[in-house]
Every structure is written in structure tokens, then in C-alpha cells.
Amino acid sequence: MKTPLLQLQQVTMRFGGLIAVRSLSLEVDAGELVGLIGPNGAGKTTVFNVITGIYRPTEGDIRFQGRSLVGLKPHQITRLGIARTFQNIRLFRGLTVLENVRIGAFVRHRTRLWQAALRFKAVEKEDAELEARARHWLEVLELSAVADVRASALPYGLQRRVEIARALATHPQLILLDEPAAGMNPNESEELMHLIRRLRDEFGVTILLIEHDMRVVMGVCERVLVLDYGELIAEGPPEAIRNDPRVIEAYLGEPV
Amino acid sequence: MVRQIFWCGVAIAICWALDRLLQAAVYGQWFGWLTDYTYRAFILVPLLFITLAVSLNLINGITGQFSLGHAGFFAVGAYLSAGFSVYFASGWLAQVPPAWQGVAQFGLLLMAALIGAGAAALFGLIVGIPTLRLRGDYLAIATLGFGEIVRVLFENLDLFGAQRGFTGIPTWVGFGFFWYALLAMGCIAVSRNLLKSTHGLAFLSVREDETAAEVMGVPTTYYKVAAFVIGAMFAGAAGALLAHREGSIYPVDFKLDISIVVVTMVVLGGQGSITGSVLAGAGLKMLEELLRLLPVVTLFGREFQPSDFRMLAFALVLILMMIFRPQGLLGHRELSWATLRRWLSRSPKRASVPPAETPSLSSEGEQMRQP
Numbered sequence: 000m001k002t003p004l005l006q007l008q009q010v011t012m013r014f015g016g017l018i019a020v021r022s023l024s025l026e027v028d029a030g031e032l033v034g035l036i037g038p039n040g041a042g043k044t045t046v047f048n049v050i051t052g053i054y055r056p057t058e059g060d061i062r063f064q065g066r067s068l069v070g071l072k073p074h075q076i077t078r079l080g081i082a083r084t085f086q087n088i089r090l091f092r093g094l095t096v097l098e099n100v101r102i103g104a105f106v107r108h109r110t111r112l113w114q115a116a117l118r119f120k121a122v123e124k125e126d127a128e129l130e131a132r133a134r135h136w137l138e139v140l141e142l143s144a145v146a147d148v149r150a151s152a153l154p155y156g157l158q159r160r161v162e163i164a165r166a167l168a169t170h171p172q173l174i175l176l177d178e179p180a181a182g183m184n185p186n187e188s189e190e191l192m193h194l195i196r197r198l199r200d201e202f203g204v205t206i207l208l209i210e211h212d213m214r215v216v217m218g219v220c221e222r223v224l225v226l227d228y229g230e231l232i233a234e235g236p237p238e239a240i241r242n243d244p245r246v247i248e249a250y251l252g253e254p255v
Numbered sequence: 000m001v002r003q004i005f006w007c008g009v010a011i012a013i014c015w016a017l018d019r020l021l022q023a024a025v026y027g028q029w030f031g032w033l034t035d036y037t038y039r040a041f042i043l044v045p046l047l048f049i050t051l052a053v054s055l056n057l058i059n060g061i062t063g064q065f066s067l068g069h070a071g072f073f074a075v076g077a078y079l080s081a082g083f084s085v086y087f088a089s090g091w092l093a094q095v096p097p098a099w100q101g102v103a104q105f106g107l108l109l110m111a112a113l114i115g116a117g118a119a120a121l122f123g124l125i126v127g128i129p130t131l132r133l134r135g136d137y138l139a140i141a142t143l144g145f146g147e148i149v150r151v152l153f154e155n156l157d158l159f160g161a162q163r164g165f166t167g168i169p170t171w172v173g174f175g176f177f178w179y180a181l182l183a184m185g186c187i188a189v190s191r192n193l194l195k196s197t198h199g200l201a202f203l204s205v206r207e208d209e210t211a212a213e214v215m216g217v218p219t220t221y222y223k224v225a226a227f228v229i230g231a232m233f234a235g236a237a238g239a240l241l242a243h244r245e246g247s248i249y250p251v252d253f254k255l256d257i258s259i260v261v262v263t264m265v266v267l268g269g270q271g272s273i274t275g276s277v278l279a280g281a282g283l284k285m286l287e288e289l290l291r292l293l294p295v296v297t298l299f300g301r302e303f304q305p306s307d308f309r310m311l312a313f314a315l316v317l318i319l320m321m322i323f324r325p326q327g328l329l330g331h332r333e334l335s336w337a338t339l340r341r342w343l344s345r346s347p348k349r350a351s352v353p354p355a356e357t358p359s360l361s362s363e364g365e366q367m368r369q370p
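Just so you know, the sequences run in chain order V and P. Residues in the first sequence are numbered from 0 upward in steps of one, following numbering that gives the first Met the number 0. Residues in the second sequence are numbered from 0 upward in steps of one, following numbering that gives the first Met the number 0.
Don't take each hint at face value.
[To be verified] With a straight-line cut-off of 25 Å between C-alpha atoms, the simulated DMTMM-like cross-links for lysine to aspartate or glutamate are:
| id | chain 1 | residue 1 | chain 2 | residue 2 |
| --- | --- | --- | --- | --- |
| 1 | V | K120 | V | E130 |
| 2 | P | K195 | V | E26 |
| 3 | V | K72 | P | D208 |
| 4 | V | K72 | V | E141 |
| 5 | V | K1 | V | E201 |
| 6 | P | K195 | V | E234 |
| 7 | P | K195 | P | E209 |
| 8 | P | K195 | V | E201 |
| 9 | V | K1 | V | D147 |
| 10 | V | K1 | V | E26 |
| 11 | P | K254 | P | E209 |
| 12 | P | K254 | P | D307 |
| 13 | P | K195 | V | E138 |
| 14 | P | K195 | P | D307 |
| 15 | V | K124 | V | D147 |
| 16 | V | K72 | P | E302 |
| 17 | V | K72 | V | E138 |
| 18 | V | K1 | V | E128 |
| 19 | P | K254 | P | E287 |
| 20 | P | K195 | V | D28 |
| 21 | P | K195 | P | D208 |
Worth flagging that the hints you see were computed from the coordinates, not collected in a lab.
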């Protein structure tokens, strides 16, 4: 059997007396488009934080391509090929859009700091390469027009797109999107769904996303995981999830 | 490699030529106002503070680690390099045949400066480590403590003259402009190179949002410590030059005041702006010297020396800046030919709206931090 791209084994995350994630096991295969849903406080973002190394899980193991991530620093995990966006947008607000995305591309740098201090040719060459990669992602996400605008000056929807561009610039195999459609109008979330599908189909990025907008989740995800009180209560294709009585009770509510 | 050596050569040639010219002007009394005193007050000391401000800008402005310990690095560089010269290098120099004295002196001064820079860099590393855990105010307090500890240490070490001051340091720097200007240029060049490269963005990302930077793959610990090490290195070299120019150094030269003045310069110039630090560094030091030229004032039956108003003037400058230009003189920008051209070509109507506050979708952001 093929090893899954991402594998959580019995992961528990405890904050003092609070158990945010309880003995959670899940798998994401390469090329999948998976949704993670659940009521507020169910531990969805904690799962992301545990995967990206912001928190170290209290118990359990996380494997990416068969390799354990537990104990690695976030930047090392990013280097291995996991990127993410944040629920409350965390762009580098004082920097331009292009600079934001260049920082994402920076994870693949090879030159040393002292070489940069003395402006070696290799640094100049690498700068050009990294900038070209950043501009490529701006192009893909149709952000080229605002490349030189300060990130904080952009409207909300565009800021979300810049975050995705920045994450993609790290050249991930797996991207974790934390509520990418939050605060978007129906038109924008329609575009977003299109974009998410494109990322997977065109660029082969595996996607795990947290989302409250059921239209987006049901419209784009092939498999949905439902979390409640830190536990996985259901898993399956969108149609099955929509009709699952436990999910309806915990999260979706009775269909109107 | 060739390019780096070429530019080093150019910098050395420029500094040397200007040094000669200034020496001729000062000693030949070309201008009435350019005396040994005004040269020191309006050229040499500002150059030293440009180095200090630009190097602190790397820590405070670019990486966003609020450090109040710059005087500490400055002191470490000054005292340790002076110790090397007094206890070792002077003896070595005495054994060198007279014909080679000049060359030997040059080499030993370079060594002393490197020792000062290296020692300060080591202390930067030591101070940098706690920054892994401390943020904001806590870091400021810790670095403040470091600076004071260093000063008190030298104040109590008899080996370094304790409170009497460390005297008898060979004045190998001589006239001084050459070395001071070379160090300032080196410091500016390194800062600019870093900021221009993608590595520079890594420093900036730490300032902007440390967690996001880490998640985007920036080893934030490494960059924070690196900022401290590089910044401390230049401050240490500056201290070494001061010691070997003045011939004597005193613990009071490295009081907390110095750290605060340098922080003021960085804030005034605009956090992260190299040219801002240069302007503010030179400007504040010159302002201080200008204040000394004021007459003695008698207020409330007490005589006030004009320099007593120094801190008052600094505070006034800072308050005015907070009201009218909270982002600092240059904000996050750099002064460059392109910016200058843009300012000159801008119509008076638009000039009333500072662009930093009203970023539009046009090419406004383009001017940010371009060399």
C-alpha cells in the first residue's frame, strides 16, 4: 500500500486542562482535495497548528511522506513541503505584495547570509530567480497589477489571495487553507472555488481546507472530515456528510 | 569576488583622498570655521554615530528587535581592542624596525578593530540567544541590563583603568577621517546589500510578523541572532576606532544615554531606513554640537550651559516627529536618486499628501526601499 502524503496518528493536543484535539487520526493522500469542518472551537485550527509545528502535539505522531514532523520547527516543516494560510490574515502588512510572495519563495534559497552581506553574484542570480518565481505566482493568482502595493492597503479578498500566493511560492506539496472564503462575497468565493480546483488540477498541489461556507466545502471538496470537540465524528464524500445525522446534530443543523 | 575588491578599493581611495584634503584644510586653516574642534564635532563624531545608528537600525529598525544595549557593544569593542593594543600590540610594535613602523601600525590597528568587532559580535551572539524567548518590552529591558552590566564591569576592572578611565591607548587612528568614514561606508554597504537581497526580506518578515515568517519558512531565530551579531560587530568596530583615536576611554562614554540617543536616531530616521539612520545620526549629533554654541543662559537665578538643553532638544524633536511624522523622517523608504527625482518632479499640490499614508493601486509602493 502507498503511504499517504499526510498522516496523523492518535494526535492529542492538550492545553492545561483543555483537550483541543483528542486522539485524532486522519490521512490525506497525494492529489486529494479534503475539507475539514466542524463547529467553532472544535479544534480545526489547532490541527493546522499542530501539523505546521506551531504547537507540538501532546501525544501521537504526524507523518508527512512517511517522515515524522513532531519536534520540527515550523520553518523546517515548510521546507519539507507544507504551506498554509491563516484564518485571521497574517500578511507582512508593511511590505508590498511582491515582497510578501518573495518571502514565501525564500524558503528555497541556497545562498548564505554572509554572501548576501557582500552581494555576491550568486545572490544576485538567486534574487532574480526567487523574484521570477514570486511573479509567476502573482500571475497565476491575477495579482500582478498590485505587485508593488503595500499589503495592508489591499481589500480583504485580495489579501486572502496574496496569502495563498505566498503559501504557493514556498513550493508546497500540501497546502493548508484556513477559512479561505471567510469574508468573501458569493462572487469572490465562486472565484476561489475555481482557483482551488485549478491549484490541484493544474499544479498538483494537495489541499486540506477549513471552511464554514458549506457551498465552498460541498462544491469543491472530494472528501470531508468533521471535527467536534477535538474528535473526528464523520468522514466521507460531501453528500454522505450532508446527510449524516451526527454531523447535522453537531454542526449543520436541520436542513431548512 | 573581483567586484567586491574593486569597490573596497574605491572606498579606500575616496576615504583616503578626503582624509588628506581635510587634513590640509584643518591644519592649513583654509577656512576660519574649520578648526580641529569643529572637525571633530561636526565631521568625526557624526560619522561615528552614523555607524552606530545604521548598525542599530539593522537590529531595531529592520529586524524589529527593540534593543537598548548598543552602548554595551560599543564599550566591548572599545575596551577589548584597547586592551589588546595596550597589553600586547604596543610591545610588538616596539620590536618593529623604524622603517616598518607605519605598516605595522596600520596592521595592528586593523587587528585591534577586528578584535573589537569580533568581541562585540560574540557578545551580540550571547545577547541574541535570549531574544529567542523575549519580545518587545522584555527584550528592551534585558538589553538595557546587558549594556549597564558591561559598563559596570569595565568600571570595576582595574585592568581597564576602572573609574579612572583606560588611558595610554596608542592613537593609531591619527587624524581619523579615513578610518571613521571607511567604517561608516562599510556598515552602510553591508546593510544595503542585505536589504537589497531576499535575505533582507527575511529580516523584515521577522519584524512584520514573526509567526507568519516562521511558517513561511524563515528560520526566525537565525535571523534575529544574525541581526544582533552583525549590528554588534559594527558597533564594536566603532568603539575600537574611538579608543584608538582618543587615546583614552571612560566608563561614562558608554552610559545608557548613548544607547538611548542611538535608538532616537533610528526612530527619527524611520525604522528600517538606512538613509534615514544616516541623516538622523549625523543630524542629531550636529544639533547637539550646535546647541553648545549657544550662549550661557541664566534662568531662575541659575546658570545653564547650552549643552544642558541637549536632552530637552532631543525630546522636543521626538515629540514633534510623533505629531507630524510618526513613521520617522523617511518612514520605511530610502532616500535614493529615484526618490529625489520624484520629489522634485511632484506638483506642489500632491506634495501636501504624504504618500505613505495613502497607498494607491498605482506605482506608489515602488519607491519603498529601493536603493
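Hint check:
1. Distance check on the hinted pair: V/K120 and V/E130 sit about 15 Å apart at the alpha-carbon level, within 25 Å; holds.
2. As the CA atoms of P/K195 and V/E26 are separated by approximately 42 Å, the hinted pair breaks the 25 Å bound.
3. Taking the CA atoms of V/K72 and P/D208, the gap is near 16 Å; set against the 25 Å cutoff, the hint holds.
4. Distance hint between V/K72 and V/E141 is unfulfilled; the C-alpha atoms sit about 32 Å from each other, more than 25 Å.
5. Annotation: proposed proximity of V/K1 to V/E201 holds, straight-line Cα distance about 23 Å (limit 25 Å).
6. For the hint linking P/K195 to V/E234, the alpha-carbon distance of about 48 Å lies beyond 25 Å, and the restraint is violated.
7. Only pairs whose Cα atoms come within 25 Å are accepted, and P/K195 paired with P/E209 is accepted, the gap being roughly 20 Å.
8. Taking the CA atoms of P/K195 and V/E201, the gap is near 33 Å; set against the 25 Å cutoff, the hint is violated.
9. A C-alpha spacing of about 44 Å is found between V/K1 and V/D147, which places the hinted pair above 25 Å, so the restraint is violated.
10. A threshold of 25 Å between alpha carbons decides the hint, and for V/K1 with V/E26 the separation of about 12 Å falls inside it, so the pair holds.
11. Between the alpha carbons of P/K254 and P/E209 the distance comes to roughly 31 Å, so the proposed pair goes past 25 Å and is violated.
12. A C-alpha spacing of about 17 Å is found between P/K254 and P/D307, which places the hinted pair at or below 25 Å, so the restraint holds.
13. With a C-alpha separation of about 23 Å, the suggested pair P/K195 and V/E138 falls inside the 25 Å cut-off, and the hint holds.
14. For the hint pairing P/K195 with P/D307, the CA-to-CA distance comes to about 41 Å; that exceeds 25 Å, so the pair is violated.
15. In summary, the hint linking V/K124 to V/D147 is supported, as the alpha carbons are separated by about 21 Å, within the 25 Å threshold.
16. A hinted pair counts as satisfied when its Cα atoms are at most 25 Å apart, and V/K72 with P/E302 does not qualify at roughly 61 Å.
17. Our distance criterion of 25 Å between C-alpha atoms is broken by V/K72 and V/E138, whose separation comes to about 30 Å.
18. Of the supplied pair hints, the one linking V/K1 and V/E128 is violated, its CA atoms being roughly 34 Å apart against a limit of 25 Å.
19. For the hint pairing P/K254 with P/E287, the CA-to-CA distance comes to about 17 Å; that is within 25 Å, so the pair holds.
20. At roughly 40 Å between alpha-carbon atoms, P/K195 and V/D28 are farther apart than 25 Å, so this suggested pair is violated.
21. Proximity of P/K195 to P/D208 is assessed by CA-CA distance (about 20 Å); at most 25 Å being required, the pair is judged to hold.
Checked against the numbered hints given earlier, the structure breaks hints 2, 4, 6, 8, 9, 11, 14, 16, 17, 18 and 20 and satisfies all the rest.
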